[in-house]
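A.B. asks: Given next are the chains, with one letter for each unit.
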Amino acid sequence: MTMVGAARSAHEILGEFPAHFRPMPGSPTYEEAAPVAEPLLKPFKFPLLKLTIAGHTFLPAKPIGVNVTQDGAWFFAENEALNVVGTGGSLEEAVLDLEHHIVHFWQYYRSLEHSQVTGDAIRLKNIFSSLLAEAA
Amino acid sequence: MSAEQYPNQPLIDVAFEIRFPGDPAIECRRDEFFRLVRDRYPKVYVPKLQAGDAPALAMYHFKQEDDQATIMTAINKLVYSTKKYHGFEAFKQEVLRIAGIFGNTFKIEKLMRTGLRYVNAIPFVPKSGSIPLREYLKVGFQLPPPATDNFTTMNFAFASPVGNGTINARIEHMLAEDKSHEAILLDFDYAMQSDLVFDKIGVYLEESHSVTKQMFERMITDEYRNYIRGEEI
Chain A
1 MTMVGAARSA HEILGEFPAH FRPMPGSPTY EEAAPVAEPL LKPFKFPLLK LTIAGHTFLP
61 AKPIGVNVTQ DGAWFFAENE ALNVVGTGGS LEEAVLDLEH HIVHFWQYYR SLEHSQVTGD
121 AIRLKNIFSS LLAEAA
Chain B
1001 MSAEQYPNQP LIDVAFEIRF PGDPAIECRR DEFFRLVRDR YPKVYVPKLQ AGDAPALAMY
1061 HFKQEDDQAT IMTAINKLVY STKKYHGFEA FKQEVLRIAG IFGNTFKIEK LMRTGLRYVN
1121 AIPFVPKSGS IPLREYLKVG FQLPPPATDN FTTMNFAFAS PVGNGTINAR IEHMLAEDKS
1181 HEAILLDFDY AMQSDLVFDK IGVYLEESHS VTKQMFERMI TDEYRNYIRG EEI
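Protein chains in written order, with this note's numbering: chain A, 1 to 136; chain B, 1001 to 1233.
Honestly, the hints are just simulated from the structure, not real lab data.
No incorrect hints appear here.
Distance condition first, Cα-Cα at most 27 Å in a straight line; then the derived BS3-like pairs of lysine-lysine:
id	chain 1	residue 1	chain 2	residue 2
1	A	LYS42	B	LYS1063
2	B	LYS1138	A	LYS62
3	A	LYS45	B	LYS1179
Short, incomplete list of chain A residues facing chain B, as computed with Cβ under 10 Å:
id	residue
4	THR52
5	PRO63
6	ASN79
Calculated Cβ distances over 10 Å to all of chain B for the following chain A residues:
id	residue
7	VAL85
8	HIS100
9	HIS101
10	VAL103
11	HIS104
12	GLN107
13	ARG110
14	SER111
15	THR118
16	ALA133
Just so it is clear, CB atoms sit at the ideal spot from N, CA and C, and this is done for glycine as well.
Turn these sequences into a full structure, and let the hints guide you.
C.D. replies: Rendered as structure tokens:
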């Protein structure tokens, strides 16, 4: 979300000043003005009801609650129970990254035998194994 | 939005309004009503008027200390609105309590209109730049090609007669106040307008709730319903 004026000059936006007009002395141009601070995203939560990765659609057994936060230029989409976080330069990128992680770990934990997991991985295998179903 | 309170409910505002033939006594003795509700609604907001506005029709607001609930009155209407909805029974109890105080202070018999409004904001993150409308709502639009219903924005409103009233609905793409995220606005207002009497407010409220609840329940997808009920991972 780039603010108009942060990277573009007044000339690019407005075109040349008409010949009979000149900027007011002392009036800052867009380039001289201090960058406008973008408001940080207020954390919010939404449900992931469908995941789409590389043309494949996956439906979760239950909605996956996603907490979204921002730190500087980075966005984070997280589900604590699944222990996964997606990151990106935009909200949409962070959620897509999270979807990739979820599908990856779903495939990964399903490929493991119970004897191959210990500690928290036992809990994660139990959750991930029945987490998704691929839509026809 | 139901008798039970959902953990992930998207409600942002609920309001019940009654309109009646104007009574100047309400303007003259507004202080009497305020004295009876000020223990819970102590903050007074007066209307800002512009040239041409009728002062008696502009609503005074009596708000709770935390601004989460408001009573609004003018000479021809009374509204109760809350941002913290603890289920329909609690909402109805407060509406009837306020209406009871109002009815004892001013003699209102005939009503012109009742309206129950539920405003929901469903947060979402766009998918490929579009609103994932069908993931949340069972509404669809058939558009002639090459247009598709992968909307990047939308604004849809309709009014439809239901039972003894009319349901007014608005489905709209909105931006959070701080512009940080997007949401689908789902706004239902059920209005009744004929042969209404003040003493039956409770009945009208029940009927209005029943209609708006059905509308909401049938408009959202099963998956989203599970989520607002707290069935989530």
